Amino acid sequence: MSEVKTTPMVQERMIPSSPSAIVTITKQEGMVLYEDMILGRFFEDKCAEMYYRGKMFGFVHLYNGQEAISSGVIKAMRPGEDYVCSTYRDHVHALSAGVPARNVMAELFGKATGCSKGRGGSMHLFSAEHRLLGGFAFIGEGIPVATGAAFQSKYRREVMGDESADQVTAAFFGDGTTNNGQFFECLNMAALWKLPILFVVENNKWAIGMAHDRSTAQPEIYKKASVFGLPGVEVDGMDIMAVHTVAQAAVARARAGEGPTLIECLTYRFRGHSLADPDELRSKAEKELWFARDPIKKFSAYLIEQNLATLEDLKAIEKKIQAQVDQAVEFALESPEPDPAELYRYIFAED
Amino acid sequence: MADTLLFNALREAIDEEMSKDPTVMVMGEDVGHYGGSYKVTKDLYKKYGDLRLLDTPIAENSFTGMAIGAAMTGLRPIIEGMNMGFLLLAFNQIANNAGMLRYTSGGNFKIPLVIRGPGGVGRQLGAEHSQRLEAYFQAVPGLKIVACSTPYNAKGLLKSAIRDNNPVLFFEHVLLYNLKEDLPDEEYYLPLDKAEIVRSGTDVTVLTYSRMRHHAMQAVKTLEKEGYDPEIIDLLSLKPIDFETIGASIRKTHRVVVVEECMRTGGIGAEIVASISDRFFDELDAPVIRLSSQDIPTPYNGALESLTIVQPQQIVEAVKKIVDKQL
Ligand SMILES: Cc1ncc(C[n+]2csc(CCOP(=O)(O)OP(=O)(O)O)c2C)c(N)n1
Ligand SMILES: [Mg+2]
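Chains A and B supply the protein sequences, listed in that same order. Quick note: the first sequence uses this note's numbering, first residue 1, plus one each step. Quick note: the second sequence uses this note's numbering, first residue 1, plus one each step.
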């Protein structure tokens, strides 16, 4: 019997060369980032609870462990102006983009007050108001849509002469997805036309049960940028300051019309692929290695160390967010089901 | 304009809409400098520039998704499928995102998008370039599907499709690009959900679309000489299908022949026959006759290819059979 290799070398790849200079943040900014990460974490924990209590259905993919990426990138953008494009693991991107927790929770409960009116569910979150383009249940299919939104910004500016059209788009997706053609096709087009877009890879080392190095001949994803002529950056996805720093530079570059950036964030999901996943393939040692690098713990230590917050400040935020998440559940529970008479509504633009 | 060729009618439609609305743009393979594989966008890049006539890499699924993203954020893209068959590579984006996204988003986004290009069986182009994708796409919710057949309807329908706030699949036929017709000088639009009564008659309702309209009209010449009076309806819209016009005709003729170029199994005709049986069964005096292409990949050999699609003589025979039976 051959020995089962449980912790391949690549799963340990996690500490890339950090950006040379980390941005400095104000206390206010630190609180915004911390609050957003806590919201993501508490919201997802509540989802697990509600799923097991039979309040939400279908496939539910949680984001625990990856919060530094959503918060670090999206908080480097302009809320309600810039575009965010996610995957099926989209709750936290929606929250960072500003979609109220209660409307996300209500969507997961299938209610009429959900951000997709109960038509979408966990993997199809949308909000035009918050410029959240989705929520895409098939891997890779959001990347072209995000590329189109970025094209639209350029088009407005260059064809329609709208100087204010400097919106940036961020597309989030996983390591497994970078083996799909849409990833390569869009890197090419975005670089070709210098589109204002960030391709943010959340490399959590696994695609369901497929270890990254078992599916990917060149596991260092950021290196693939160079062949398309765009910058590729590798960043510690468990360190929000590192992610935020890289994101700010990429956003500035995109906004200045200098084109796209590929950002590979090395991260880990703390739960199974979805709430239906028994999560049997990832070794205990591997998980523990990563749990020890919890991005929220890391950031709270940083805030305190830098005198940007006290323990009390952080506790107060946690209390506030817990209340907000609890209220989101209340709201979702009390919200009406979609009206069966409106089964056909929203198929066409006129409905 | 006197004697406008069909491809130029399409070009006029695009040109007129682009000049009116700066959010209208075209993207696809060779739509810019090359002018489109059938010259539908010839020289438009000179007038509108490279971004509005965007030559894309050969990446159908991704540029289709890009058009969807652009449409969601306020542009009105027109995608040209160099050959509609190539859009099989974009099936994901067309079905999941163009078709369903508005619904799954609970109305958050609309997708004003036209996907147009040449389809159908040409002259010995081989199986892959002789596809009839309309049947594959008809089950996708949220799409509108149109098939033009004359310069006049090509222009009026395309202009409406560009103005429509929903994704419209717009099928042209490789063998119809050089049809000629006098077009009105004044601007016009045609509705996307109305069939056209090409010839009104009383004996039998012939339902057809795209190039088969012309085969049906050829059959009419023979049938008229022999005293038959068929009503020929060009569906134009394949989704939704105009059952109002079809129903009115059936109430008059009580007999139906469906003539289509797509394959028999799971074809547009199959859907029509099923819907006629749902809606108008009591009006029928005879079982509906369905003339479709053979259920095979279109063969290269010219004789085999002719055997694969419906020929005018078959339409003549079907009409005679269904009308004579009733006498
Ligand atoms: C086109 C398509 N194929 C397969 C799936 C099933 N699937 C869902 S998630 C997933 C793994 C994706 O992994 P990765 O891109 O690394 O993202 P992660 O889930 O790790 O965030 C697969 C195979 C899918 N949703 N879409
Ligand atoms: Mg992964």
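Hint data in this document are derived by calculation from the structure and do not stem from the laboratory. Remember, predicted model here, so these are calculated numbers, not experimental data. Every residue, glycine too, gets a C-beta built ideally from N, C-alpha and C. Watch out, some of these pointers could steer you wrong.
[Claimed, not checked] These stretches of chain A come out as covered by chain B in the derived footprint (C-beta under 8 Å, 3 or more residues): (1) 154-162; (2) 337-350.
[To be verified] Simulated crosslink set (SDA-like; lysine to any residue; CA at most 20 Å straight-line): (3) K20(B) with R157(A); (4) K154(A) with K144(B); (5) K55(A) with D339(A); (6) K20(B) with V159(A); (7) K252(B) with D324(B); (8) K144(B) with L343(A); (9) K110(B) with A349(A); (10) K110(B) with I25(A); (11) K110(B) with E81(A).
Discussion item. Name the hints, by number, that the structure is in violation of.
Written reply: 4, 10
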